[in-house]
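Enquirer: Residues per chain are reported as follows:
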Amino acid sequence: MRAATTVNRPRGRGFGPEWSWLAGIVVLECAVLALLEPSFLTQFNLYVVLRGVAVTLLVAFAQLVVLAIGQLNLSVGAIGGLVAVCTGGLMEVWGMPTLPAVVLGLLLGTAAGFINGALTARTGINGFVITLATASAFTGITIGLNNAEPFYDLPARYVAFGQAQLGPIPAIGFVTLLVVLGLAFFFGRVVMGRQILAVGGNARAAALSGIPVDRVVIAAHALSGFLAAVAAILLMARLGSAQPSIGSDWLLPSFAIPIVGGVALAGGGAPVLTTVLAAFLIALIDNGLVLTKADPYWIQFLLGAIILGAVGLNRLRTVAESRDARRLGVAG
Amino acid sequence: MSGPGDERLGDPGGEAAVLGSDRLALELRGIRKSFPGVRALDGVDLLLRPGEIQALVGENGAGKSTLLKIVTGVYQPDEGTVRVEGAPVAFASPRDAIQAGIAAVHQERNLVPRFSVAENVTLERPPLVGGHLIDRGAMVREARRWLDLLGLAVDPEMPVARLSMAQAQLVEIAKALSLRGRILLLDEPTASITPHEAAILFGVLRRLRDDGAAILFVSHKLEEVFELCDRVTVLRDGRLAAFDADLRQMDRNTLVTLMIGRAEHEVDLGARAAGGAAVADPGSTPVLELRGLATVAGARDIDLALHAGEVLGLYGLVGAGRSELARAVIGDLAITGGEMRLDGTPIRVRDARQALERYRIGYVSENRQSEGLILSHSVQANIAVTVWDRLRNRLGWIAGAREQAAVTPFVQRLQVKTPSLAQPVGNLSGGNQQKVSLAKWLAANTRVLIVDEPTVGIDVKTKHELHELIWELAGHGLSILLISSDMPEMIRLADRIVVMKEHRIVGEIANSRRYDEMSEAIMRRIHGEVGVVPGRAADGVMRDGAVSVG
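Quick note, the sequences are listed as chains A and B, same order.
Anchor point for the first sequence: position 241 equals 242 in our numbering, and the numbering is continuous, going up by one each time.
Anchor point for the second sequence: position 57 equals 72 in our numbering, and the numbering is continuous, going up by one each time.
Just so you know, these hints were derived from the structure itself, not from any lab.
Certain hints may be false.
To be verified - Among chain B residues calculated to face chain A with C-beta under 7 angstroms, some are:
1) L371
2) G387
3) I389
4) S391
5) H392
6) V400
7) W412
C-beta: ideal position from N, C-alpha, C; glycine also.
When you get a sec, could you build the whole thing from the sequences and use the hints?
Expert: Take a look at the structure:
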């Protein structure tokens, strides 16, 4: 919704209410943490926060692109695990160099997403059920391939990239930045991105307007698989090993971040910018709890509370907006 | 709720303790109801007496359904009073109306497909044991009783999803009867059942009437109205054209005249200029031609020819199958027989995408909110959606300025009132939404445009703008198939009018643009010949009804 309406919005209004809310909270979080915990502003701590965001943001995007068509993908984590183990296997067992292994890993993730999309579009079965099933199937393959053992012998330069940093900024963060820019452009300007939003906004109207709905659904799922693969490959490089457990804890953040970012669960919107802010908002809370040595289990509780709070706020805003709009519509 | 009157109605063995006949079962006075841009009801009265069947008739959009929805608590009136047995009531929801003893059979199906017939029949008031648990045995017995009464031989334990349209309709009626309301409302109850089933239903209704029920019967089938009803109220454009009139002193012609009225004095566009504008040449090869077309929706033997620059009207009552025919043309519904030709060449349209991109046929849906627009998206995105593929540059993306440039001329030409192109369409008024849903097809540069109910729920001024636009487009050579249930609109805009009834074409009339003459000619084709020998006319119509589809 947001991405589509920012097109040609008159200057000065681009700083929408949702944007400013989230940005305000993130700045507040930083200020509070900096005051309470001197260690927050150390280069190492900032690096830790950023390298975390670099991966979770991609996980959130993998979910966001499917939420944009009004569906969901429960297999985001399973695709991540599958891609990690397969790419790691190519590197260790077959001794494949980094570049071709990474390319094959990305293709594998895209193919897994394609399967999700094709099954959803062709059978008409709810995407929830399809991705629940494929999640289990992908995880099964992941564990079966190497008897749940990780691959440790990854190319040195690949691992070095995963741990490299420029000041407090992790090298993998630049990849994520590229993806952020790419996605914003994709939903703003590229025909397929616009078609994804149209299908999510009203599939029936989109079909009658000549949009190939099935193809668009498949593309959204394939893109989701691709983004999950990017996340897995970056995480692998950072960890220095291909763990089959990669992705097992992605489900909650994959939904929490876009929801806090204000995505419409009914579809039709892909708010890339606010999703970025939401990822920081959550990462900073996580970091604050770690720094203050709070019980780590509280993060789980807090995340839940934040989701409810964000959804409640969005609901209030929608009600207020539609009230304004009605006035406007009658006057216009 | 169980009142003392419960056992009386619909219980053939029960005592017929008729209420004092001077007492009105239902009384509506001065009902007004407006929706944004339209006044649906303007000072309407309605009376129902115990032991009487009142007919409510009127053309499409006359306000019958709105009135029914007010009585059943779906809508609340803006003004006016509703009294049930003398006491003023204000229903906040359908539940309140049911509690007050009002049972209704709506035009739309309101059954739960996965529930059994018995569960559906007793949905509103399931028989209970111990106050909380459902007594399944009693439920089945109760359902069977009402099914037997209606002569419907289906297993009460069968899921409703497996019933035919006609059976589902009868279950809906059984459900209403099982409420044993003192007031029974039926909106087009015979739309999908056979004359035989209708005859049984009428028997039941007469028995209920004789037991003291107050019944309101809404139907387009005038022969049924004359056969069943005692009195009639006629609505026209949301106003009363006849109130509580005695049907025995009325003939078919009078009733039809009351329904269609005389030409409303609206701005007349006059005849389309023959010079300058490209008025259709009937001798030329039609742009779009249907030959003996049949569809899965039930259309049969549809012959239609649409010429360049022509506005061809497709008139019919709601449910005549006009929108379904339009959908078949754009490949959204399967064609089962006959052929479709574009410029004389047979074509097969696979889907809406192919209709648009290959054959340049567009369809402006009658449901602009659910099918025509993406409400949460901007005006610009909604109009450009049909041309994104064309707007993409060599790198595969769309420059914002280019999209804006493609959209702006249409926003200006249609005078869409919006604060900016970025405004979500859902925030615009109905008329402006309709302009946007039309604009996207103009942007797509179609050759054939099917416009379905373009001005429903739109204010008069915007309506005129849209009318002028349709003519202007035809003047530039666009072929327009206009579907409208609005008779004045049809007569003002169409060059020729094709009349549809029950998925068939029952007549084609060249438009003389004289309202009286045209409306009469059209209604005669829909309701059968009027004014010959009444008995024979009714027979003809009933035979017609026998081939109706589910």
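Enquirer: Measuring from the C-beta of B/L371 to each C-beta in chain A, is the shortest one below 7 angstroms?
Expert: 4 angstroms, holds
Enquirer: The hint names B/G387 as touching chain A; please verify it with the least Cβ-Cβ distance against 7 angstroms.
Expert: 6 angstroms, holds
Enquirer: Close enough to count: is the Cβ of B/H392 nearer than 7 angstroms to one in chain A?
Expert: 5 angstroms, holds
Enquirer: With chain A as the partner, please determine if B/I389 meets the hint condition of a C-beta pair closer than 7 angstroms.
Expert: For B/I389, the interface hint holds, since the closest Cβ of chain A sits about 4 angstroms away, which is under 7 angstroms.
Enquirer: Under 7 angstroms, Cβ to Cβ, is where B/V400 needs to be relative to chain A, so tell me if that hint holds or is violated.
Expert: Cβ of B/V400 sits 5 angstroms from chain A, so the hint holds.
Enquirer: How about B/W412: closest beta carbon in chain A under 7 angstroms, or not?
Expert: Given a least distance of 4 angstroms, the restraint on B/W412 holds.
Enquirer: Next item in the hint list is B/S391. Is there a CB on chain A closer than 7 angstroms to its CB?
Expert: 5 angstroms, holds
Against the hints set out earlier in the document, no violation occurs for any number.
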